[in-house]
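Just so you know, the protein sequences line up as chains R and S, in that order.
In terms of my numbering, the first sequence opens at residue 1 and continues consecutively.
In terms of my numbering, the second sequence opens at residue 119 and continues consecutively.
Some hints could be false.
[Claimed, not checked] Sample of chain S residues facing chain R (criterion: CB under 7 Å; computed from the structure):
1. 155
2. 161
3. 166
4. 190
5. 216
6. 222
7. 226
[Claimed, not checked] Residues of chain S clear of chain R, computed beta-carbon distances all greater than 12 Å:
8. 129
9. 154
10. 156
11. 160
12. 180
13. 188
14. 198
15. 200
16. 203
17. 206
18. 212
19. 213
20. 227
For the record, the hints were derived by calculation from the structure and aren't laboratory data.
Backbone N, C-alpha and C fix where the C-beta goes; we use that ideal spot for every residue, glycine too.
These are the residues of each chain, in order.
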Amino acid sequence: GAVVSQHPSWVICKSGTSVKIECRSLDFQATTMFWYRQFPKQSLMLMATSNEGSKATYEQGVEKDKFLINHASLTLSTLTVTSAHPEDSSFYICSARDWQGLSDSPLHFGNGTRLTVT
Amino acid sequence: AQSVTQLDSQVPVFEEAPVELRCNYSSSVSVYLFWYVQYPNQGLQLLLKYLSGSTLVESINGFEAEFNKSQTSFHLRKPSVHISDTAEYFCAVTDTDKLIFGTGTRLQVFP
Chain R
1 GAVVSQHPSW
11 VICKSGTSVK
21 IECRSLDFQA
31 TTMFWYRQFP
41 KQSLMLMATS
51 NEGSKATYEQ
61 GVEKDKFLIN
71 HASLTLSTLT
81 VTSAHPEDSS
91 FYICSARDWQ
101 GLSDSPLHFG
111 NGTRLTVT
Chain S
119 AQSVTQLDSQ
129 VPVFEEAPVE
139 LRCNYSSSVS
149 VYLFWYVQYP
159 NQGLQLLLKY
169 LSGSTLVESI
179 NGFEAEFNKS
189 QTSFHLRKPS
199 VHISDTAEYF
209 CAVTDTDKLI
219 FGTGTRLQVF
229 P
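Extracted from the complex, chain R is given alone in its bound form (with noise of 0.2 Å):
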């Protein structure tokens, strides 16, 4: 079936660092992928969509300055946390959707990335 690769799958850095994690679907291309946060036992949060060649939507309340986001290809979407804060420690989760698939068609999920900010 269809696989995300998400890296890396965890990290930790020191406040006011910059981390880039990315996302990439392995045999299929991806027109438009969406970010997630998940807070300890929590559900998951959409953060934004991710579309490839153009701008990224963010959901409302999410900080678009501060969660970059860039989708150069059809495989690969980076979520870039800037200036990271240890509020920003938190489980981050792509996932993706075949170019063909229309809005019936379930996401992939990659396995996420916890980032951890001390």
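Fit chain S to the known structure of chain R by using the hints.
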């Protein structure tokens, strides 16, 4: 906008017992419904989905869910659970191009 409610945050159950994880969604318009499972320290995996047709959908590992339009529900059931079913289960519904998740239900199976 769509919303999803999973009423039970935790469901403890003994092995081989039946289980039902409840899910209700907010809108009665055409929707696509999904159940995802998240095992410890892993990402989400699709368990089953309802797109159209038969209201009863099944997964390969014995779970089933029934789409009930009148009750706007999509409850997940399994007649006999295993220890390995211990995980977090998320119900999700499409909202245009997005997927909206419920808060999750932690299924804990005890020997």
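Verification of the hints:
At its closest, the beta carbon of residue 155/S sits 11 Å from a beta carbon of chain R; the interface hint therefore is violated under the 7 Å criterion. Hint status for residue 161/S: holds, given a least beta-carbon distance of 4 Å to chain R, under 7 Å. Interface restraint check: residue 166/S against chain R, minimum CB-CB distance 10 Å, threshold 7 Å, status violated. With its C-beta approaching chain R no nearer than about 18 Å, residue 190/S sits outside the 7 Å limit, and its interface hint is violated.
Nearest Cβ of chain R to the Cβ of residue 216/S: about 6 Å, under the 7 Å cut. The hint holds. Because the closest C-beta pair between residue 222/S and chain R is about 5 Å apart, less than 7 Å, the hint holds. The criterion of a C-beta within 7 Å of any C-beta in chain R is not met by residue 226/S, whose closest approach is roughly 13 Å, and the hint is violated. Its beta-carbon lying about 14 Å from the closest one in chain R, residue 129/S satisfies the requirement of being farther than 12 Å from that chain.
Distance check on residue 154/S: its Cβ comes as close as 8 Å (rounded) to a Cβ of chain R, failing to clear the 12 Å threshold; non-interface status is violated. Residue-level check failed: residue 156/S sits 9 Å from the nearest beta carbon of chain R, not beyond 12 Å. For residue 160/S, the condition that its CB be more than 12 Å from all CB atoms of chain R is violated, with the nearest at approximately 6 Å. With a minimum CB-CB distance of about 19 Å to chain R, residue 180/S clears the 12 Å threshold, and the non-interface call stands.
For residue 188/S, the condition that its CB be more than 12 Å from all CB atoms of chain R holds, with the nearest at approximately 21 Å. Against chain R, the non-interface label of residue 198/S holds: every CB pair exceeds 12 Å, the least being about 26 Å. Here residue 200/S stays apart from chain R, with its beta-carbon at least about 23 Å from theirs, past the 12 Å limit. The non-interface label for residue 203/S is consistent with chain R: the shortest C-beta to C-beta separation is roughly 19 Å, beyond 12 Å.
At roughly 9 Å from the closest C-beta of chain R, the C-beta of residue 206/S falls inside 12 Å, breaking its exclusion from the interface. For residue 212/S, the shortest C-beta to C-beta distance to chain R comes to about 5 Å, within the 12 Å cut-off, and the non-interface label is violated. For residue 213/S, the requirement that its beta carbon stay farther than 12 Å from each beta carbon of chain R is not met, with the minimum near 9 Å. Residue-level check passed: residue 227/S sits 18 Å from the nearest beta carbon of chain R, beyond 12 Å.
Comparing the model with each numbered hint stated earlier shows that hints 1, 3, 4, 7, 9, 10, 11, 17, 18, 19 do not hold.
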